[in-house]
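K.L.:
Letter by letter, the chains look like this.
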Amino acid sequence: MAEQISTPAWMNEPGKSDSLSMSAGRSRRESAVQKTIMGMSEAIRESVFSERIAARPGLLQETDPRIKTIGLLGLLIATSFLHTWYIVLAIYGLTLMMAFASRISLGFFIKRVWLFVPIFAGIIALPSLFNIFRPGDPLLTIWEFGGELTLGPWSLGTSLAVTHQGLKGAVLLILRVATSVSLAVLWALTTHWADLLKALRVFLVPRIFVLVLSMTYRYIFLILGLAADMFTARTSRMVGSSSPREDRRFVASSMATLLGKSHVLSEDVYSAMISRGYTGEPVILHRFRTVAGDWLWLVAVILLGVAALGSDRLIG
Amino acid sequence: MAEQTRENHTIYSIDAVEYRYEDADALSGINLSIKAGESVVLLGANGSGKSTLLKMLDGLIFPTGGSISVFDAELSEAALKNEGFSGTFRRRVGFVFQNSDAQLFSPTVWDEIAFGPLHMGLPPEEVEKRTEDTLHILGLEHLRKRPPYHLSGGEKKKVALASVLAIGPDVLLFDEPTAGLDPKTESFLIRLIVQLTAAGKTIVTATQDLRLAAQIAGRVIVLGEDHKLAGDGPAAAILGNRKLLLTANLIHDHPHRHDDIEHYHPHSHLKDHHGREND
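Chains as they are written, first to last, in the working numbering: chain B, 1 to 316; chain W, 1 to 279.
Bound conformation, chain B alone (with noise of 0.2 Å):
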């Protein structure tokens, strides 16, 4: 017979029949940290998400991943030596049509594109739009100082004023970021990661980078959800918030436990793929085939690259 286990008096105490009731204390506030390693692993799910959308039947999708990257980078490169806008905004408007053909829904394109051009060409065309920082012919006047106001040895002019041409380089600046996102944006939406990366071989990406790239993006995703169950557990068992300090210290001891998991797994990894013939040197397979549609497409797209390159030389 089997011997009992001995267990010590007070886990065999019968639980005590405190209700569940609501305490006078404070609520407990997710953490900051647990917020960031949650939303990161929310923003890799929500790339995966795109993956959705990739799937779908449409324009770009049924593009061949060499035609499209090299069609759209085409575009990219086109729009960066524009300076007419409404020839830019033109480009823009073909990059919504695409999107439309691609059954992208355009309030979620267009809110991808537009929530991250303000921040970053937003705060760098700002300034440019003033005459202290570049002198033009003012359109709206802000401030009369009343007389020359200097600055040190710098002459800030007479008033505070947005001038014609920096704004015209402001919405010329804003626009060809937002075209370029879009493009970018289109390209990724519509093409699967892997896909995508073995695209990259048509640029001679040498084979390892490719390699490299794809696993590092499948093991961010699995190390990122590791991470977030090691955060759920402490969580089931906490009582009371706790604090900043000892949060930080959690995320320290973790970032530890992780890279001594993420270690025993890249061996596991690495022996995996030994087993199954790796000897180093990477073959990656490409099962793109080209159609007709596909060489009518980047000949299009080719043509309007060039006619807006031209107009634009011509009205310049």
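FYI, nobody ran anything at the bench for these hints, they're computed from the structure.
Just so it is clear, CB atoms sit at the ideal spot from N, CA and C, and this is done for glycine as well.
Any given hint might turn out to be false.
[Stated by the list, open to error] Now the stretches of chain W that chain B is said to cover, found in silico as 3 or more residues with beta-carbon under 8 Å: (1) 51-61; (2) 76-90; (3) 97-103; (4) 107-120; (5) 145-155; (6) 161-170.
Given the coordinates of chain B, work out where chain W should sit on it, guided by the hints.
P.N.:
Below, chain W without anything else, positioned relative to chain B:
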């Protein structure tokens, strides 16, 4: 129980093999031979060294003492550095890891299955054919474009298995193949192992699940907690040897309550008598 369909030549000869991790023995004085077409189960409690032995059979780690030969040639680090040897060995021996997440490193299921054949240097048409065939056999066609993180545990195990089967190995090594699987996937896997054995493949499975051993093994090898060989023989004889299984910590007297009556009888580690997992 799987039937031994043919008795053939020796595939593995394991001679006085020792393996030592930095601070502890993992295997000590192991002498074994495995013949072609056998379905061998390596039984042992946690930490007995069965996974270590399996990794050695796949040439992923090497004995710190003794030697292993495979297909009449020595299996050593130096031999595996030879392209001809390693190419043939990797084509003939496949390993299904316990942790499917370690085995599934490619961006999609299709790429995962194609990885082995591709690295064996097969022409692209043959790689495509094998990948499609394997997807079909395992019923994974609908998952071909899915990334591994979108898969359930059972699906991951099937893809891991597919990635090895696509190579077409003669010898298949399984590390705890049914751990953590749902009953349906487990039953599928057991049927497949039995079928592969009947087709003449050599199967070596490391497990501590006696129920699995009873279903797939023709021969059972028991590793003791002292990391030595504790038993080796036909499955029926070994699995019926209660004393041996108790000594190797593979069964223990486990109390059960049926209504008001508590009684004790021997149990394996992983399954209770309702077939559910205990740990």
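K.L.:
Count the residues of the segment 145-155 of chain W with a beta-carbon closer than 8 Å to any beta-carbon of chain B: does the count reach three?
P.N.:
That given contact holds, which follows from 5 residues of the segment 145-155 of chain W lying within Cβ reach (below 8 Å) of chain B.
K.L.:
Can you take a look at whether the segment 76-90 of chain W is actually covered by chain B? Rule is 3+ residues, C-beta closer than 8 Å.
P.N.:
Since 4 is at least three, the answer is holds.
K.L.:
Count the residues of the segment 51-61 of chain W whose Cβ falls closer than 8 Å to any Cβ of chain B, and tell me whether that reaches three.
P.N.:
holds (count 3)
K.L.:
At a Cβ distance under 8 Å, does chain B reach at least three residues of the segment 107-120 of chain W?
P.N.:
Since three or more residues must qualify, the claim that chain B covers the segment 107-120 of chain W holds, with 9 doing so at under 8 Å.
K.L.:
If you count the residues of the segment 161-170 of chain W with a beta-carbon closer than 8 Å to a beta-carbon of chain B, do you get 3 or more?
P.N.:
Check passed, 3 qualifying residues.
K.L.:
Mind checking, does the segment 97-103 of chain W have 3 or more residues with a CB under 8 Å from chain B?
P.N.:
holds (count 5)
Against the hints set out earlier in the document, no violation occurs for any number.
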